[in-house]
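Chains as they are written, first to last, in the working numbering: chain B, 1 to 396; chain A, 397 to 656; chain E, 657 to 951; chain Z, 952 to 1273; chain W, 1274 to 1508.
These are calculated hints, taken from the structure and not from any lab test.
Because the structure is a prediction, the values reported are computed rather than measured.
Treat the hints with care, since some could be wrong.
[Stated by the list, open to error] FRET-style restraints, in silico, Cβ to Cβ:
| id | chain 1 | residue 1 | chain 2 | residue 2 | range |
| --- | --- | --- | --- | --- | --- |
| 1 | A | Lys470 | Z | Asn957 | 31 to 37 Å |
| 2 | A | Glu523 | E | Lys744 | 46 to 52 Å |
| 3 | E | Ser749 | A | Gly410 | 32 to 38 Å |
| 4 | W | Lys1497 | Z | Ile1141 | 42 to 48 Å |
| 5 | B | Thr386 | E | Leu919 | 37 to 43 Å |
| 6 | W | Gly1342 | B | Glu88 | 57 to 63 Å |
| 7 | Z | Ile1058 | B | Asn234 | 43 to 49 Å |
| 8 | Z | Ile983 | B | Ala306 | 44 to 50 Å |
[To be verified] Cut-off 25 Å, straight-line C-alpha distance, at most; resulting in silico cross-link-like pairs (BS3-like, lysine-lysine):
| id | chain 1 | residue 1 | chain 2 | residue 2 |
| --- | --- | --- | --- | --- |
| 9 | E | Lys822 | W | Lys1380 |
| 10 | A | Lys651 | W | Lys1497 |
| 11 | B | Lys381 | E | Lys782 |
| 12 | W | Lys1403 | E | Lys822 |
| 13 | E | Lys822 | W | Lys1382 |
| 14 | B | Lys384 | E | Lys773 |
| 15 | W | Lys1288 | A | Lys540 |
| 16 | A | Lys608 | W | Lys1288 |
| 17 | B | Lys65 | B | Lys52 |
| 18 | W | Lys1288 | A | Lys583 |
| 19 | Z | Lys1090 | B | Lys381 |
| 20 | A | Lys638 | W | Lys1382 |
| 21 | B | Lys276 | E | Lys773 |
| 22 | B | Lys260 | E | Lys782 |
| 23 | E | Lys782 | B | Lys384 |
| 24 | B | Lys229 | E | Lys782 |
| 25 | B | Lys231 | E | Lys782 |
| 26 | A | Lys608 | W | Lys1403 |
| 27 | Z | Lys1090 | B | Lys219 |
| 28 | W | Lys1382 | A | Lys651 |
| 29 | B | Lys197 | Z | Lys1090 |
| 30 | W | Lys1325 | E | Lys744 |
| 31 | W | Lys1325 | A | Lys546 |
| 32 | B | Lys276 | E | Lys782 |
| 33 | E | Lys773 | B | Lys65 |
| 34 | A | Lys546 | W | Lys1288 |
| 35 | W | Lys1347 | E | Lys822 |
In this text, a Cβ means the ideal position worked out from N, Cα and C, and glycines have one as well.
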Amino acid sequence: MFRKKSKALVAMSIIMSALIMVSGCGASKPAATPTGDAESKEPIKIGFLGAKTGDVAIYGLNTLKGLNMAVEELNKEGVLGRQIQLVEEDNAGQKDQAINITNKLISQDKVVAIVGDPTTGITRVAGTIANSKKTVIMSAGSTGPDVVEIGPYVFRDTLLDTIAAPATMKYVIEEKGWKNVALITSKNNDYSVGLSKIFSKSIVDNGGKVVIEEFIQDKDTDFSGQITKIKAANPDVIVFSGYYTEGALIMKKAREVGIKAVMVGGDGLQGDDLMKIGGADVEGSISYAGFSPEQPTPDTEKFINAFKAKYNNELPDLFAAQGYDALMLIAKAIKEAKSADPEKFKDTLAQTKNYEGVSGTITFQEGREPIKSPVYLLEVKGGKFTLLKKVPVEVK
Amino acid sequence: MSLLTLNNVTIRFGGLTAVDTVNLEVKQGEILALIGPNGAGKSTMFNLITSIYQPTEGTITLEGKSLVGVATHKIADMGITRTFQTIRLFTELSVLDNVKIGCHCRGKAGLLQALTRLPGMKREEAEIEEKAIKSLEFLDLASKRDEMAKNLSYGEQRRLEIARALVSKPKILLLDEPAAGMNPQEKVVLMEMIRRIRDTGITVFLVEHDMKLVMGISERIAVLDYGKLIAEGTPLEVRSNKAVIEAYLGSGKFKSRIRR
Amino acid sequence: MPILNNLMQQLVNGLALGSIYALIALGYTMVYGIIGMINFAYGEIFMFGAYAGLVLALTNYVNVYVALLGATVITMVLGVVIERVAYKPLRRSSRLSALISAIGVSIFLSSLMVRMKGPNTRGFPKLFENRIFEIGDFQITIYQIVIIGVAGLLMLGLHLFVSYTKMGRAMRACSQDRDAASLMGVNIDRVISVTFAIGSGLAGAAGVLAGIYFNAVQPYMGLLAGLKAFAAAVLGGIGSIPGAMIGGLMIGLTEILGITVNLSQYKDAFAFTILILVLLFKPSGIMGRKANKKV
Amino acid sequence: MKKLLNNWIVQVLLFLSVLALTALSTSIIQDIIPPYLLMIGLFIGINLIMALGLNLITGVTGQLSLGHAAFMSIGAYASAIATVNYDLPFLIGVLIGGLAAGLIGIIIGFPTLRLTGDYLAIATLGFAEIVRVQFTNMKITNGAIGFLGIEGSTTFPIVMTIVVLTICCMVWIENSRNGRAMLAIREDEIASSAVGINTTLYKIQAFAIGSFCAGVGGALFAHTTTFIQPTDFGFLKSVDILSIVVLGGLGSIPGTIIGAIVLTSAPEILRPLANYRMIVYGLLLVVIMIFRPYGLLGGVNLRQAVRRALMIPKKKQAGRGE
Amino acid sequence: MLKLEKVDVSYGSIKALHGISLEVTTGEIVALIGANGAGKSTTLRTISGLLKPSNKESKITFKEKQIQGISPHKIVEMGLSHVPEGRRVFPDMSVYENLLMGAHSRKGKPDQADFDRVYHHFPRLKERIKQLAGTLSGGEQQMLAMGRALMARPSLLILDEPSMGLAPMLVEEIFHIIEDINVAGTTILLVEQNAHLALEISNRAYVLETGEIVLEGMAKDLAKNEDIRKSYLGE
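Using the sequences plus the hints, can you model the full thing?
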């Protein structure tokens, strides 16, 4: 009995090895020449990692629009005499697919940098791989903790919640006088859990008070229980740290039972669906963002006009602007380092100070965490986000 | 001498008394048949003995040890195995595996042995295989050992069920309508097999409707009607028992009101 | 009495939510009663109903009742088609095959909807103006009245249908003894189709009600709602129509109760904890009949 | 020669050398093939380990579980806590992950395995939801934010060696007294207890081993992605693993292997289908069930089929082709 | 009225009936007797469409129409009612509802005459009209099963073991009712293991053994036939 089986085992391991060999051979296409080489006239490849399908597709698609703008602009003159080529892959918002794609981009497509997924979770996973493979990755949207700490190749160009959330709370409590806060967290959303911590600290710091703390979950649709409790607590303002979909639904339910307070939240509320779903019920909601097309600087205005021309009069959003800036930052570093070798230009990139991007002024601190100025406070008015206030951030 | 003893056994389902104060002894080494019209409670008796049902009243003992309340799977361990009225084979498994599974209660190997495959375990496996093949040979199924059980003919399936019950060398073998669905030739073969089983020292207790078979092989016959034991004795005695004839052929009391 | 008041308020919330679960649970229970299979795709039929309601509501001529009726009819057809295509060929196979087929249908339907309407949550238009009725300190919205009312009416209608019509009687007969029913001249295939139609119609109606009440529809909304409704059906005793109603209301109320006692983050666990406990101590559910072991 | 091969020590050595060969060959391969494909291979391996576990529960013992992802998550978190918080070596972490999942499997198994069929399915499903909610709300798991800073210690050779080990164990179990008892339970519980099989015991055994495999898979998964969140282990993950088992053929180890390869690489292969991918996937499940209700290799005696195909090609094939 | 020609039936690979041929003419009571497992119930289940013949040559003719392979509900509509073995009443329905189910195959509502006919034969059912069928005694359930079948106004009633599990007194009562039903104009095909009873009541009978008809003839003649005794008592 055993003899047969051990034979089978050997056979199996051979078959398996063969299978893997075959799949390996099938994939070894004519490999691209190493791109770090300054002599090369091959295009410099930049990878795009993000969702083009799935439930977070909207972020990825908008980031991609900004990226394409940047590629077009850079290729007019070239970078180090070379063209920029974008390699796009869709991770559908799935972590395991993101791992596969990051590996593919680095090993198969030989990209020098990846403009990364706007979500924190996937950025962490992809960042770990990119850092170990010495490829620069820049997230155009992640705001959670423990991202750039992964290593010297990991960057992001976003407005951090740790800066924006306190500024927002200061405005809400001091200027609006809304001291009694109902704080709602989406418990299965990492962004929301992290942001709520910052919110609740800055509410207290600014002399406010959390009169009721409630929890929901992403994809929940029934909020009647929580809203009933919030109504009983009678807050001045509802602070919600999650995304726009749930935000809109919460406000609809709140208005339904007669709550008058408005909602304040983070950049997770930025999304046209907030108004599409929420309609009149989200009127007056306040959120912050690292970008606003209103009151633009001359550079930003140029970008907005070009964007509108290219995309059918659509206004760029936060993700488009940050995607654009991310690639521009990388290109600038490559130019300054006079090398497309990530090992070299990552240091130049880390030195960036007061870069005037279309989404604001960007400075990388020590440890590559960005400081962006200003914080744009936006308010929903007439079904649109309109600029409420620009709060400048001081670089220490 | 008495191997299995049923003492005042009664079981009620809701309002229905399926088995009613039955007293019965199964003696060492005999072939005992339990007969009776449909719905008389025969299969229920087997289910009581194998602890699938628990009696409402009364006791069942095997060599003095009570079977009431014992987990069903321990009954085989104690030496009672059975076949079922509606064949219950492991249909997707091979004939050999079916019989090997019948050996389960005589094996010891556990998970650790399965994973270490120490010589002791392999010896046990070899023993099980040997026993299983012997049992298949005994029931004339050895040539079908690699077939899937569901691909056997009806008669073969009935025999396979017996082989499975027999392989653990039980003290008592319970056969629930072993001849049902068999053709006359198969029945003759079956009778011979049951006799040979008894000759190896295994007591046979069977429920059967085929009177030729029952009369042909049983030493004693017990007759159940409406859950009550109405007769007990040798085939000759039972055949001439008035109560039995009435139970089977009808009393003859019924007279048609219409002249035909 | 603010606490009592709050509790009353939450009770109404739970009742509204529970009504929606109960409507979906009815579909599970009816199908299980008759062909003994779990139609895992009910959650997705519920979702399709919600979208059908949405599409209808976006055309200008439609009021709430037309949307409800339209969605019900569409999901009825959908349910019957699913049964014919994906389940009927498997009626004699193992339960597992049928279950996997149902899971396949459920993945198919939700992905199809993503394809058709996009992955994002869509707001549900207001089909009528909101009004709040104050009864002392305690208030109820017109939405809640409509949800509970319509759900109640549908359940009453189903009860009357099953109890007093010829088809209803045939359905009950099938669930008690399918062979005997066919000997009475009952066309089993037709009964199964009608069962799927009614069950799916109820799920579709529940979809529209959920759309109105939650203000939102979303391609994946069926999954969790379906699971909870299934839990409700099992809780009440699968196969039992009053059981499904009681189970649905119980799950809805427990969830809201969880929120009331400051355990909102555990609310999804509540439904399933209760379910498991009930299964362990009364495996046939609250209203279920104990099955006899046959040998 | 035959005698030599029957010696236990020789067999152990043979087995160890197979493992060593796997480890060696895979570590050579891993330098040759591109990381992208390597990673797909790695995920195939991880899914296969978990699917083999579920195959033992559902395919062999016939107990439908819809909560496999829960055991995967228990393994993932337990191993991550072990390696990160307690600095234990990676392989010990994997073992702890497996043991934790197996232990919980036993604890859950005792009450729930009294349930049968659909009831068991829904109970395991409910249990998985409870576990997920629990992990979302625990401090040590860092809730929804996710568990960070796990070393990416999982390598292709390690996964493949564990795969081979798992396959061996599964083959051995299936061909032992235990395995036969489990198969018997799947086929007919009443007949099983009539031949003396303690059905509860073997069901729990299958459940424990299956959960152990899920835990090991989860541990390997955690040390691949380096970062885990409760949302990674939802109901659909359980369905994914179940689909592997069912598609390949319930109870068939070669079937499970094929299922794991096909379904894990499917998202990559079906990439051109982009948005239609899941639609096709759903349809595929339905179609396979209708035409092969027992899965691709279900009911096919592979050894017999191959033998017949090679030697007596004219004879009708055994199997379920009705 | 009913004619079976060379009917074969198999369960999977197992053959249960081997070319059965039998005939029932209008107005008679025909009995099908034989030991358990001989294939009596299988024959009846095949006639009423619950089972399908396994052979293309098998023919079942009812009222000059071929009915093999037709769904049971269509056969009921043609006027053939089958009272299955073990009664199979709907336990969670009232007696009244069970009777209504019996009339399911007919268009429109059953009229009072139908109920009166059932009450005439089974006065006991009238007393229990609101009771759940599951709570009736065995004999009452048998009456209900028969009454239920009568609601379809069948021209042919087939009965499977009406005496099973009933006390002798009840058996007599039931059999007298069967006669009454026949006198009132319903043809009857009866399966019964109690041979005396069956032969006493019927005009003609067939004896079934392991899926084959081994004897047939007038009931009076068969009652005297020693072979019957043998096939029952194994003499």
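Hints and how they fare:
1. A/Lys470 x Z/Asn957: 31 to 37 Å: holds (35 Å)
2. A/Glu523 x E/Lys744: 46 to 52 Å: holds (49 Å)
3. E/Ser749 x A/Gly410: 32 to 38 Å: holds (34 Å)
4. W/Lys1497 x Z/Ile1141: 42 to 48 Å: Since W/Lys1497 and Z/Ile1141 have Cβ atoms about 45 Å apart, the given range 42 to 48 Å holds.
5. B/Thr386 x E/Leu919: 37 to 43 Å: The hinted range 37 to 43 Å holds for B/Thr386 and E/Leu919, with Cβ atoms some 39 Å apart.
6. W/Gly1342 x B/Glu88: 57 to 63 Å: Between W/Gly1342 and B/Glu88, where Cβ atoms are some 60 Å apart, the hint holds.
7. Z/Ile1058 x B/Asn234: 43 to 49 Å: Taking Cβ atoms as reference, Z/Ile1058 and B/Asn234 lie about 45 Å apart, which means the hint holds.
8. Z/Ile983 x B/Ala306: 44 to 50 Å: holds (46 Å)
9. E/Lys822 x W/Lys1380: holds (10 Å)
10. A/Lys651 x W/Lys1497: holds (16 Å)
11. B/Lys381 x E/Lys782: At roughly 20 Å apart (the allowed maximum being 25 Å), E/Lys782 and B/Lys381 satisfy the hint.
12. W/Lys1403 x E/Lys822: holds (18 Å)
13. E/Lys822 x W/Lys1382: holds (9 Å)
14. B/Lys384 x E/Lys773: The given pair, whose Cα atoms are some 23 Å apart, holds under the 25 Å limit.
15. W/Lys1288 x A/Lys540: Holds: W/Lys1288 and A/Lys540 sit about 20 Å apart, inside 25 Å.
16. A/Lys608 x W/Lys1288: holds (22 Å)
17. B/Lys65 x B/Lys52: holds (11 Å)
18. W/Lys1288 x A/Lys583: holds (16 Å)
19. Z/Lys1090 x B/Lys381: Distance ~40 Å between Z/Lys1090 and B/Lys381 Cα, so the pair is violated.
20. A/Lys638 x W/Lys1382: Distance ~50 Å between A/Lys638 and W/Lys1382 Cα, so the pair is violated.
21. B/Lys276 x E/Lys773: holds (14 Å)
22. B/Lys260 x E/Lys782: The hint holds at about 19 Å.
23. E/Lys782 x B/Lys384: holds (20 Å)
24. B/Lys229 x E/Lys782: Since the Cα atoms of B/Lys229 and E/Lys782 sit roughly 24 Å apart, the hinted pair holds (cutoff 25 Å).
25. B/Lys231 x E/Lys782: holds (22 Å)
26. A/Lys608 x W/Lys1403: Given pair A/Lys608, W/Lys1403 is violated - Cα atoms ~47 Å apart, limit 25 Å.
27. Z/Lys1090 x B/Lys219: Between Z/Lys1090 and B/Lys219 the Cα gap is close to 23 Å, so the pair holds against 25 Å.
28. W/Lys1382 x A/Lys651: The given pair, whose Cα atoms are some 38 Å apart, is violated under the 25 Å limit.
29. B/Lys197 x Z/Lys1090: Holds, at about 14 Å.
30. W/Lys1325 x E/Lys744: holds (19 Å)
31. W/Lys1325 x A/Lys546: holds (21 Å)
32. B/Lys276 x E/Lys782: Given that 25 Å is the threshold and the Cα spacing comes to 13 Å, the pair holds.
33. E/Lys773 x B/Lys65: Within the cut-off at roughly 22 Å; holds.
34. A/Lys546 x W/Lys1288: holds (14 Å)
35. W/Lys1347 x E/Lys822: With Cα atoms ~17 Å apart, W/Lys1347 and E/Lys822 stay inside 25 Å; holds.
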